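Residue numbers (numbering that gives the first Met the number 0), protein chains in the order written: chain Y, 0 to 77; chain G, 0 to 389.
Honestly, the hints are just simulated from the structure, not real lab data.
Being a predicted model, the structure only gives us computed values, none of them experimental.
Honestly, I wouldn't trust all of these hints.
[As the list claims (entries may be wrong)] Keeping only pairs whose Cα atoms sit at most 20 Å apart, straight-line, the calculated SDA-like set for lysine to any residue is:
| # | chain 1 | residue 1 | chain 2 | residue 2 |
| --- | --- | --- | --- | --- |
| 1 | G | 207 | Y | 56 |
| 2 | G | 126 | Y | 77 |
| 3 | G | 172 | G | 196 |
| 4 | G | 126 | Y | 73 |
| 5 | G | 146 | G | 86 |
| 6 | G | 126 | Y | 74 |
| 7 | G | 121 | Y | 77 |
| 8 | G | 126 | Y | 50 |
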Amino acid sequence: MNFFLLEAMANAGGAIGAGLGAIGAGIGIGQIGKGALESIARQPEAINDIRSNMILTAALVEGAALFAIIIGFLAMVL
Amino acid sequence: MRSKSIKSLLVAVFSLGLLILSTQVLAQHPEPKEPAGEPAKKEKIFDANEVIFGHIMDAHEFHFLSYKGSDGQEHHATIPLPVIVYSKGKGFSCFMSSKFHHGEHNHEGYGLLTNEKIDELKLDRNKYAAGHIVAVNEAGLIDESVKVYDLSLTRNVVQMLLALTLLVFILIKVARKYGTGVGVTSAPKGMQNTMETIVNFVNDEVAKPNLGAKSNKYLPYLLTVFLFILINNIVGLIPGTANVTGNIAFTFVLSIISFIVILFSSNKHYWMHIINPPGVPGWVKVILVPVEILGVFTKPFALMIRLFANMVAGHILIICLISLIFIMAALNQYVGWGFSPFSIAFTIFIYFIEVLVAFLQAFIFTILTAVFIGQAIEGAHDDHAHAAAH
Numbered sequence: 000m001n002f003f004l005l006e007a008m009a010n011a012g013g014a015i016g017a018g019l020g021a022i023g024a025g026i027g028i029g030q031i032g033k034g035a036l037e038s039i040a041r042q043p044e045a046i047n048d049i050r051s052n053m054i055l056t057a058a059l060v061e062g063a064a065l066f067a068i069i070i071g072f073l074a075m076v077l
Numbered sequence: 000m001r002s003k004s005i006k007s008l009l010v011a012v013f014s015l016g017l018l019i020l021s022t023q024v025l026a027q028h029p030e031p032k033e034p035a036g037e038p039a040k041k042e043k044i045f046d047a048n049e050v051i052f053g054h055i056m057d058a059h060e061f062h063f064l065s066y067k068g069s070d071g072q073e074h075h076a077t078i079p080l081p082v083i084v085y086s087k088g089k090g091f092s093c094f095m096s097s098k099f100h101h102g103e104h105n106h107e108g109y110g111l112l113t114n115e116k117i118d119e120l121k122l123d124r125n126k127y128a129a130g131h132i133v134a135v136n137e138a139g140l141i142d143e144s145v146k147v148y149d150l151s152l153t154r155n156v157v158q159m160l161l162a163l164t165l166l167v168f169i170l171i172k173v174a175r176k177y178g179t180g181v182g183v184t185s186a187p188k189g190m191q192n193t194m195e196t197i198v199n200f201v202n203d204e205v206a207k208p209n210l211g212a213k214s215n216k217y218l219p220y221l222l223t224v225f226l227f228i229l230i231n232n233i234v235g236l237i238p239g240t241a242n243v244t245g246n247i248a249f250t251f252v253l254s255i256i257s258f259i260v261i262l263f264s265s266n267k268h269y270w271m272h273i274i275n276p277p278g279v280p281g282w283v284k285v286i287l288v289p290v291e292i293l294g295v296f297t298k299p300f301a302l303m304i305r306l307f308a309n310m311v312a313g314h315i316l317i318i319c320l321i322s323l324i325f326i327m328a329a330l331n332q333y334v335g336w337g338f339s340p341f342s343i344a345f346t347i348f349i350y351f352i353e354v355l356v357a358f359l360q361a362f363i364f365t366i367l368t369a370v371f372i373g374q375a376i377e378g379a380h381d382d383h384a385h386a387a388a389h
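Model the full structure from these sequences, guided by the hints.
The structure is reproduced here in structure tokens:
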């Protein structure tokens, strides 16, 4: 396998990995938003607690996605 | 029926638009082959990669714009910054980065690498990068044997110090105002309103729910982190400034400090839950304990990566949208003009999101630090609740 094909494959791998990470995070954050909206609809008075917990959980999910993106970037660069 | 016809019309319009715009667009255009022996005038092509990384990375100057003067030479509008370099033979050297003339000249035996220079000398991209300072010999060639330690006040450092000065100035001013009695018994005035909102927010939303009775002990640290990240995020959003919070070294130091605070506030129960989790079967511990020990380190690592990646992604997104105009213009000048309103509208939209992200990331860093400290100082009463449940 020649060098250029290898590099192209590394780029493709990085891009696909980042895309898959984004899909996972999208599903995760969507679930969090769904759960938060449903619980706000049930208990509107608890909106402040729910909102801050929602942001916190979304940040944790997002962290996993960012790991995927960083690894994808490293696959491209290295 | 009517919505169906509108739908099919939309499909037709979008397919037409895609058909028109579906031309091969490359971020990096291949250099046109020049006939040998004839040093043709090089037309400078727009290189999105260089623009993006020139914005994201650290540099030895604040670079605002480049333009072609009436003399045909390219001029740069920059603010030079001090360069401090150390190498074994020569000791410390200190001079302004303007002495390099944007990489064209060498000074005191040092030279600044640029992308053009790396391409011209065919240097190894893994070893050398644009913006690095290298030692050069009398002939003007790169001296690889000399190791150069670069301690310069780069634009990230200078901007961080400026932001810090601004923050300290605001805080001292507000504190003095409280000293004179304004805002203590009466309503707060001016900047006091902003600071009071922020302090109340961090106290009520971040410190109290996670740290409980001990929140007053950790509140100064949490407020410092929050305000420091916030001011750097916001100053970094001003066009022309550096991307301080999108620098891995910056977030690394912040997360290391958080890590130390978490470790120093940890108690016996925290370590017991890691090394010997109560109420867990022995063979599960074989898996659980290594994971828990790894978790101690992944928490600050995630803090570091989250802030870094969020800020870098935001800045790249903005500059990509602006670069799109020039990529389109390389295709055809009129396409570039036609595309720019959309591009600018999108940029403004993303810019407002970035302002939100600036607050959000400061908040997330602070609240996660508070949550981790809260886990570390948690008392034994939780164990009894677990035991009762089993």
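Hints and how they fare:
1. A hinted pair counts as satisfied when its Cα atoms are at most 20 Å apart, and residue 207 of chain G with residue 56 of chain Y qualifies at roughly 18 Å.
2. For the given pair, residue 126 of chain G sits about 12 Å from residue 77 of chain Y by alpha-carbon distance, which is consistent with the 20 Å threshold.
3. Simply put, residue 172 of chain G and residue 196 of chain G have alpha-carbon atoms about 16 Å apart, close enough for the 20 Å limit, and the pair holds.
4. About 16 Å separates the Cα atoms of residue 126 of chain G and residue 73 of chain Y, which keeps this hinted pair within 20 Å; it holds.
5. Of the pairs offered as hints, the one joining residue 146 of chain G and residue 86 of chain G holds, with about 6 Å between alpha carbons and a cut-off of 20 Å not exceeded.
6. With a CA separation close to 18 Å, the supplied pair residue 126 of chain G and residue 74 of chain Y stays within the 20 Å bound.
7. Taken as a hint, the residue 121 of chain G and residue 77 of chain Y pair is honoured in the structure, with Cα atoms around 19 Å apart against an allowance of 20 Å.
8. Pair hint residue 126 of chain G plus residue 50 of chain Y does not hold up; C-alpha atoms about 47 Å apart against a cutoff of 20 Å.
Going down the numbered hints, you'll see the structure goes against just number 8.
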